[in-house]
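Asker: Given these sequences and hints, build the entire structure.
Chains V and R, in that order, are what the protein sequence lines are. This note's numbering numbers the first residue of the first sequence as 1 and each following residue consecutively. This note's numbering numbers the first residue of the second sequence as 1 and each following residue consecutively.
Simulated from the structure, these hints should not be mistaken for lab results. Possibly wrong hints are sitting among the right ones.
The list treats identical chains as one, so a pair stands whether inside a single copy or across any two.
Claimed, not checked - Calculated cross-link-like contacts (lysine to any residue; reagent style SDA-like; alpha-carbon spacing at most 25 angstroms):
1. Lys216 with Ala23
2. Lys216 with Leu25
3. Lys216 with Gly161
4. Lys244 with Asp42
5. Lys160 with Ala24
6. Lys17 with Ala83
7. Lys244 with Ala27
Since the structure is predicted, the reported quantities are computational estimates derived from the model, not experimental observations.
The primary structure of each chain is shown beneath.
Protein chains: 2
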Amino acid sequence: MAKLLLGKPVAEALNAKTREEVAALKARGVVPKLAIVRCGEDASQLAYERGAMARADAVDVAVARVALPKDVRAEALIDVIRAINGDDAIHGALLLRPLPRHLRDREREICDALDPKKDVDGMTTLSCAGVFEGLDGMGFPPCTPRACVEILDHYGVDPKGKSAVVIGRSLVVGRPVAMMLLARHATVTVCHTQTRDVADVTRRADIVVSAAGALKSLTAAHVRPGQVIVDVSVNWDPAKPNAKGGMGALAGDAVFDEVSRVVDAITPVPGGVGAVTTSVLMRHVVQAAARQMQS
Amino acid sequence: MAKLLLGKPVAEALNAKTREEVAALKARGVVPKLAIVRCGEDASQLAYERGAMARADAVDVAVARVALPKDVRAEALIDVIRAINGDDAIHGALLLRPLPRHLRDREREICDALDPKKDVDGMTTLSCAGVFEGLDGMGFPPCTPRACVEILDHYGVDPKGKSAVVIGRSLVVGRPVAMMLLARHATVTVCHTQTRDVADVTRRADIVVSAAGALKSLTAAHVRPGQVIVDVSVNWDPAKPNAKGGMGALAGDAVFDEVSRVVDAITPVPGGVGAVTTSVLMRHVVQAAARQMQS
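Answerer: Next comes the structure, spelled out in C-alpha cells:
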C-alpha cells in the first residue's frame, strides 16, 4: 500500500510560516489583504471561496469579497480590477475562473488588467512569463501547480535528475507544473489527449502529475512500483461511496484502490493537492504584501 | 543514409512568401525595416549580422544598423531601444545577444524596453508568455526555435501524436521549441544536463531536437532507425576538415557520420537550422510591419 501524501500537514507547515510573516507585517502596521472577485454563483467557485475565506481567517489575512452578477460586462469587471490595483490596502487579488462564457474571448485582457504585483494566482501575462522563464519575483505562479511542488518538497521528494511526467497541458496546471519541475531539474514530459500511449509514458516516470481531469484515467496499467503520484484533478464519481453513506463523491484521475496498491506514494482526492492550494494562496498574499511594502 | 533536411529550400520557400508580402506592403507605401542593435564586435554576432543583412537585401527588407561600443551603459542601450520604439519607419528590432557581461544583470529590463510589437526575435516578456501560452500575435517567438518548426513543416514531418525530445532548456531554444512542439500536439520531453540517461530518453523519441551546444554529444547510442533529428547547435570542431583543405569547421551536436547512418532524416550543420533563421526573422519583420499598419 502506497504512502499517502496528505495535503493537511503540508498546509499546516505553510500556514505556520504565513502566520509568522503576518505577525511581522502587522507589527509594521500592514494587514495583508486579499480580494476575491467572483462573477455569478457557480457552486464549485462558491466552495473554493468559502475554503479560501476559512484559510484566510486561520492565518489572519483579511479578505474583501466582490460578488458580481453572472452577466457582468467585461468593462465593469475590468473597472473592479482597476479599483483593486489602486487600493493600497489590498495586496493580492483572486479572480475565480472559469469566467462566464460571454467573457471568455476577453479573458486575456481581463486577467492582464490586474497589476502583476497583486497577481497572487498567476493569471497575468507577466506571471506566465515568470513561470516559463523560471524567474522568482515576476508575478506569482498559479496556486495549484505550486501546491504540487510544495507537496513534493514537504515529503522530501526531490525532482532533480528524476523523470517527471505531467498529464495535461492546461495553462492553469499542466504547463506551469511542467516548467516548475523543469526548474527543479527533473527531466519533464508533457502528455495530453493527443499522446498515443499515455500508459507507456507514465510507467517510465519517477513522478507522475496527473491533471487530466478525467475520472479513472490513471489505472494500474499506468504505474509501476517506486513511483510518486500527484493526482491534481477533482472529478465527480457517482459510484464512489460518500461520507453520508450514499453514493457520489469527489475523486481524482487515479483508480485509487488499484494504483495505490502498486506505487510508493500518492496524493488522495480529496485531501491531497486541493488541501494545500489555499495555503499557497495565502503565502502569495503575504509575499505580495511584503514586496509592496518594500517598493 | 539519412535524408538530409537542408535549410536552403526551406529558406527559399519562406523568402518567396516574404517577397510577395513586401511587394504588397510597398504597394501600400510601407517599406518593412529592421533595426539591428549590436554592442561590441563579437565575431559570431558580426557574422550573424552579415547574414541577416544579405537576407534582408534578398527579400527587399530595409535595415538600420546600430553599432554600440562594447562598454555601452545600460541606460544608453535602453535609450537606443526607446528611439526605435518611437520610430514609425522601423517595424522590427533585433538585439544581438549574448550582451556584454556588464549588461547581463539588467538583460530582462533591457529586452523589455523594446515595444513587443517590434520584438521580431522573441526577447520580451510578452513574447515569452505568448510562446508559453501558445498564442499567436502576442509578440513573436525567437527565430531559431521557429526555424526548427519550419523545417519540420517544410519536409512534411507532422509532430502531432509523435514523441519529441528536446535536449537543452535554454530560453532562446530549448524551452520555446518544446512549447511550439507541444502546441503542435507532440508529446514533449525536455532533457538537460541533469538528465540521468539522455540516450535512453532520445532513443524512444520520434523527433529529437538537439540544442545541447556540446560537440559530439549526440551519438549512434542516442538514436534508432525511423527518427528525425533537428540539430540546432553550432559548435567548433577543431578536427573537422574545412572547405580550405585544412582542419577546423563548424559542427552540430551530432556525430554526423554515425548518426546519419542510423536515422531517417537529419539537419546538417552548417546548412540546416542556421540557414533558415534569418528567413524567419524577415518573415517576422514583414508580419510586424503588417500588424503595425493595421493598428
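Asker: Checking against the hints above, which ones are violated?
Answerer: 1, 2, 5, 6, 7
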